[in-house]
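Chemist: Chains as they are written, first to last, in the numbering used here: chain A, 1 to 1000; chain B, 10001 to 10138.
Hint data in this document are derived by calculation from the structure and do not stem from the laboratory.
There could be a bad hint or two in this list.
[As the list claims (entries may be wrong)] Covered stretches of chain A (in silico footprint by chain B; criterion: 3 or more residues with CB under 8 Å from a CB of chain B, positions within the stretch not fixed):
(1) 254-265
(2) 522-536
(3) 801-809
(4) 971-984
Just so you know, even glycine gets a beta-carbon here, dropped at the ideal spot from N, CA and C.
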Amino acid sequence: MEEKVRSVLVAGAGVAGIHAALNLANLGFKVYLLDKEAAIGGKMSQLYRTAEDNFALGAITPIILEASNNPNIQIMPLTQIEAVNGEPGAFTVSLKKAPRYVDIVKCVTCSLCWRACPVKVPSEFNYGLGTRNAIYMPYGGAAPNKPSIDPETCLNLNGKEKCTKCADVCPSNAINFNDKETMLELKVGALILTPGIEPFKDAPEVKAFGYGKMANVLDNFQMDRLVSIYGPTAGELKRPSDGKIAKKIAFIQCVGSRKPEEKKSGAQNLKYCSSICCMHAIRSSLTIKGRDESNDISIFHNDIMAIAKTNEDIYSEARQKAVQFIRSQVTSVSEVPDTKDVLIHYLSEDGKEADETFDLVVLSLGLVPSKEGIRLMKTLGIKLNAEQFPELPEYSRMALPGVAIAGSFRALADSPEAVADAQAAVMEVVELLASVPDVLPSTSLPPETDVAGGEPRVGVYICDCGGIIPKVIDTDALLKFSGRLEGVVDTLKLAYACQADGMQQMKSSIQSHDVNRVVFVGCSYRSFLPKLQNLIREAGLNKFLVEMVNARELGAWVHINEKEQANERVRAELKGVVAKAKGLKPLPVSIRDVTQKGLVVGGGVAGMVAALSIASQGIPVDIIEKTDKLGGNANRLSLSYPDSLKKMIKENPRINVLYNAELKELRGRVGRFTARVQTPEGGSTGEYGAIVVAAGGKEYRPNEYLYGSDKNVITQLELEELIKKGGPELKRINSAAVIHCVGSRNNERPYCSRLCCTQAVRNSLKLKEINPKVQIYHLHRDIRTYFLNDILYQNAQKEGVSFIRYDENRGLDVSQKGGLTIRLNDSQTQKEVELKADLLILNAAVLPGEDNKTLSRLLGIPLDKWGFFQEESYMTFSPVVMSKKGISICGLAHGPKTMDESVSQARAAAAEALSVLSKEKLTRQAVHAEVNPGKCIACLTCVRLCPYGVPFINEDRVAQILPFECRGCGICVSGCPNDAIELKSFTDDDVVPQIEAMFV
Amino acid sequence: MNQFEPEIVAFCCHYCALAAADTAGKMGIQFAPNVRVIRVLCTGKVEILHLMKALEAGADGVVVVGCKFGECYFKDGNYRAQKRVQRAQSLIEEAGLEKGRLRFDFVPGPGGKKFAEIMNTMTQQVRALGPNPLKQKQ
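Build the full structure now, drawing on both the sequences and the hints.
Modeler: So, in structure tokens, the structure goes:
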């Protein structure tokens, strides 16, 4: 048998793949991250804004560069899998690497080549809007930050001409027209496939609506590039026919998708819902409205899929900002011959026909698995379902032993979900390879230069961020200015400081100029400071001898029209930090032993999955369960999965369950938390390295629609219990009605509970199975059966289940006269309807757990405005990462989600916890407070003020603050009556010169 | 006549205010370029000395931006900062300066819009007060 290796191949370097790679590298795996394109980043790098409404490029760049700089990750662009042989733990993968025709070692990314290239073809990165050359980079910040030649359009390579213009101008002789395709082999333990999705342009409806024929009919991806200030028109909505600025814009949703009909031959429309296009259209609309309120936007839609917890808010914001939502069926799209305006003919919900003309029409295309992904599935022999998505075992991402599939290729989802999905795949792979030993070499660093006593020698490094910053900040002038500041001995401007090249240039410059304090002008402190610290450490300097000015997020992006003042502002801040930098002192490294034991709060499905995943790595876990049994809400569902989990928990010697237990107190921080837990047997205290919060949620107990007073009014979960018991009462009923959104999507709880539409439709199908003659009515506002769940909805319609949309403004009334009677106003017929039902089922909202508030306070992690736990969404795409290190979150505690989504998040949360628990020691080198024992009078002020209880009075009767425990807020410093404490890097000697220098 | 462009020092906490500033940046929300940002790890650390030094050095106003109440990364650092700003306000009033030259405000991490609003409000507030009389101009 071949030896097993602790390495993983991740195929597809979009946001999901990159996250998987980073997660694996952090857990001690060697990762090969490959993509068939010349640059990594996938669809996310082309998007304007993310699901969290950040600039997508700004959000993905930090993780792209983190992956690019991680020594355990090898990025392999232009590479595809040809064949996979072997078994889990010991696969041999044959790869094919396409030629780049550019030597990336020699290339200096000077841009001369593509400026010299005579070829101009439509740019794929801009979805055909705008052009690129034959030698090109898809966008300025592409990683690797090197161009490639497209052999099909290059005149030399396609044999049309003997053109060598790019090679002639290349200063470093990097162009190689003779570059060849190469084959290579890799040994890996497992594979994670994240090949992504693409828009489906071949649907009959897409063609019928003039796509590709009418100039002013674009798809939603093209529109996104048009809206993007980094797109081909710099954000101006120039319509393709005449360059006129479009003011009146229509989005048509579900074009070529959500169509159940089947044609006998040729391309079919898609049946399913693509999940993300509604929010994409709404976000684009808000951006357009935000730029000019007079822009007129209409969205022709069916059901609006605002399914993530923040989506409904954004949907209402769009309605408030007068985006027209027209519930309708578009029947035709045609071009007005003279003006090239686009005429939409549609049937509104009440059946009336209407016409409207627009400057620009956007078709929201359905999404399909990428061709590359389908090819991979065929290569590996993984079965696809009828909709061409991979078939996977239930609650698992492992398609074959050792081959996991994740991201939007597995299931269409927004970026946070795709990332959680990828992390779940990572966890399954890690479980599979648990016994393979870690062999990664440890990195060696040069000794730190002693800077004590010597004169400060400041280096100022200014990044252009690929041209983003110079749009507002004159970096050339700033460079000259910085050279004149006292103490500055080296200045350098970089095209991309974050790329390997830029990093290398800074490092060499620091070393060759004997720089001992570094000042960087570029992007965000929050995303770049850690990388910069690592870099200067590699250059031989202590990590804390660096300061930054943010000229991007706090400059070029927020002062677009006030260039002069923005430049003045950056100069002032630069003067300040140079003055501060001169006095900076090195900070030491402290080491913390990790208590290699995990704590899971909550014993529902999510908690059990997380505990099992952590225990799979040989790490003991305690579960705190507040009731007397495991299973949580799942105990009420007709599923066998929770029972199998309970059995595995029971049989696992590493997992200890504390029943009827309650967390009472939590102290400490990542690596070493101390938790006090109360059980009926008494109180106990345990030490844990990391915590997973899986505290669950609950079903809303309705106080509307006679619930509680009429026994025939039940909730969806109660129906599920009846189905589980196979109750005879279900066989006796003739009619049932389902009311959707009970307790959610209202003023009190504006969010959508996400899982109830699908659950209701699934239960209706089961009810029809138990009792085929039962008449079922769904009374709803939108049916949000996202992704493949939409097919269940279509099946229910086929089975004769009626779906009636009611007018929410006129409400819905349930009374008891002669049996349950429901009165409502049908939105379609605009008529009052009266229905009788033997059974009324309420789709009750998903509520946050009642303990969330207490837990939030005890654990020191925030809740969102609805009472669910709030993930940290700025630094990461992952919805399981909390702002407090060492704590991750999953399941209903985070927000409404299905069982499968909870399981996926639970594995992701376990993977996060293991990034701490799998290590024996954590090292920490951070800003901390230090007591001057000579000045301390032991007045206890610091002991009283510290929000984390860190200071204590030591044996010498003076206050002491341990650097590992201290979080560096400095509250004790400003409170100390005798000035006996200072916060390293933020002492008066640091801050006062900074303030003063800004006004010199 | 050109309108007076005040120079304002903004002490911003790393965890909320700078996250909000990043959000503003990433969302392209525009705001007045009159502020000069000083990064602090917690507004609870900003001492009266630093507020005074900024006015002494020539700032026309100083704003301290911390986390939303109840959401402070350091639990209650923002309350302390608010109290301290209030105390400093009464001190500068004694010295003959308007208390509006100092301001405490708060913002949650995703609050890009709020961050921009704070910067704009402070700029307008100080612009209305005119230049810092302590500024020694030739």
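Chemist: Now look at each hint and say whether the structure bears it out.
Modeler: Outcome of the hint check:
A stretch counts as covered by a chain when three or more of its residues have a beta carbon under 8 Å from one of that chain; for the region 254-265 of chain A and chain B the count is 0, and the coverage is violated. Requiring three or more residues with a Cβ within less than 8 Å of a Cβ of chain B, the coverage given for the region 522-536 of chain A holds, as 4 such residues are present. Judged by the Cβ-Cβ criterion of 8 Å, the region 801-809 of chain A is not covered by chain B as claimed, because only 0 of its residues qualify and three are needed. Residue count for the region 971-984 of chain A with a Cβ under 8 Å from a Cβ of chain B: 5. That meets the three needed, and the coverage hint holds.
Of the numbered hints listed earlier, those contradicted by the structure are 1, 3.
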